[in-house]
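Chemist: Here the protein sequences come in this chain order: A and B. Residue 46 in our numbering sits at position 56 of the first sequence, and the numbers go up by one each step. Residue 54 in our numbering sits at position 43 of the second sequence, and the numbers go up by one each step.
Derived from the structure by calculation, the hints contain no laboratory data. C-beta: ideal position from N, C-alpha, C; glycine also. Take these hints with a grain of salt, some might be off.
Not everything, but these chain A residues come out facing chain B in the computed CB check (under 8 Å) [what the hints assert, rightly or not]:
no.	residue
1	L13
2	K20
3	K22
4	D25
5	R32
6	N36
7	K141
8	K227
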Amino acid sequence: MRKILTVLLVTFLFASAIWALGLTGAIKNKVKALDEKVSERRTASNHAPIITSLTAATTTLYNSESTTLTCAAYDPDGDPLTYTWSPNVTSNGQQATFKAWGSYLPIVSVATCTVTDIYGISTNTNIKIMQDVLVSTVIFTSFFCNISEVKNITPLGAVNPEGGHIFPIDHIYVYFNDTSTAHDIYAPAAGTITYIQDESGEYGVSIKFTDSLKCTIGHMTKIEPGLTTGPVNAGQKLGANEPWLIGNTELYVTDYGSKTNFITPDRYSMNGETTRYCRSPLKYYNDPLSAQLYAKVNRVGEPKDGRVDYDISGKLIGNWFIEGKNINNSTASEQLAFIYDVFFSTVMDISSGNGFGMTGLYNVQSGAASFETVSQATGKVSYKLLSINSGDLGQQKGLMIVELIGENKVRVEVFAGSTESTADFTSNAKIYDR
Amino acid sequence: MLAVVPFSYAESQEFSIGVYYPGIGFKYNIAPKIGLEARVQSEDKITVLGARGYYYLGDKSNVTLFTGAGLHTITFKGDSSEGNGTALEGFIGGEYFIMDSLSLQMDMGMAIISLLDTDNSITESGGEFTYGIGMNWYFGGGMKK
């Protein structure tokens, strides 16, 4: 009997031992149950980690520079934290390294740090890193036409509302003395022709000098036979302008290192890039060529290069779009500009599309509030719209009333034909922003 | 399957050292039917220190049945919990001498285990079945039949 009991006992013990052997095995079961209770309690009362700061040693990088990012965080419950970073940085716990990739145009990159406690509750925050581009150091060694043939140069910032250019124009124009002969056009520096435009006899040539610097010469009426995309030498003939066909020729320079003052630069993307990154072509010349060119500039006052970016946040001066629009989806009638004249740097101009039944460029009355001084605190301001045409120069063609109703939001109404000094807003008023 | 094979063993041995899963013990037989044992066990960040009392049933032979009780203190660290506790156990088992001074021991019982997570003051208590196996080496005075 004892033997049988012993054998049964041994069998039972070994079988049971697989499940929980020894007192510690039994205790393990209880610890597991206690773990669940503790986890439930902690989950119910757990708080998400708090990120106190995410900083970068520097937030602007050039070329392939790097910067160290540091995330500071704590857990209200005292739980251990883990740090994970967005794929565009090399992580090392609380710190990470962001390396620029040498973009040819300025790019804002976003790095994200996510802090997670041991229960999987996480918090994240972002930091913006600017991969910037320096202004090009390329020197133009040849003007794009013979300087001796140039009558004058209209710098950046002309407007032509009737032609659809409400905002200050991002290229210069060259007018010739002799309008009865053709004038050769040349490459201003060695580079690569990337595009030859042909629009029914009107040609344009785009040249890339570096990844971040290019130019376009337009208003050409002849293209040099055999000219194709590919390398081009400084001074190489590209074609010609015949003034009796197109009265001027034009030169754009797009430098991705250029800094313009537009309130929302992204509103000048795509088609607006030549404006957003425009820079006066004359800045790429050294003396004596530089002095010869500036001497041809048709502008009284400084800067001789003119400008396209008059925007000042909180002030009336600068470019405005009908609320929510941008350079790509707005028409001329949805744009409005309060600027200074391209030829006389102290003369205030209002450039208006056909939004109010009046298309044109207008001067304003003497003593009118300067655009750069008009703010929300100023309240409503009235501008008489004065003709700039020689036939009726200075004659009032209408009245514009404006009122800044936000940091960068303005209410505008035009009374076409009015000769009054002021008026009240009506339901015809329009809202612009930028 | 183990067969029960009779062995003769020294009757004068009063002390034994036991190797159990997962720990060791030192037992002293204070009387022919009574033994006291100090045990240390450790497994997976669980450490158990305690004492057991044995009462041997029937006449001593190469197969000996016993019953007894034990009281242990516990320290532990789980995945989420950490703290201490106690275990009070009652058990029944048998000891089989495969040599004069060497025996196999098996027992089973019920333990009342109380644990406290010290950080959160959360407790867990209740009964758990226990199963033990081990081996004893007797020396110094002998197992008294």
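Chemist: Compare the structure with each hint and give your call.
Modeler: Outcome of the hint check:
no.	hint	verdict
1	L13	5 Å, holds
2	K20	5 Å, holds
3	K22	7 Å, holds
4	D25	4 Å, holds
5	R32	7 Å, holds
6	N36	12 Å, violated
7	K141	85 Å, violated
8	K227	80 Å, violated
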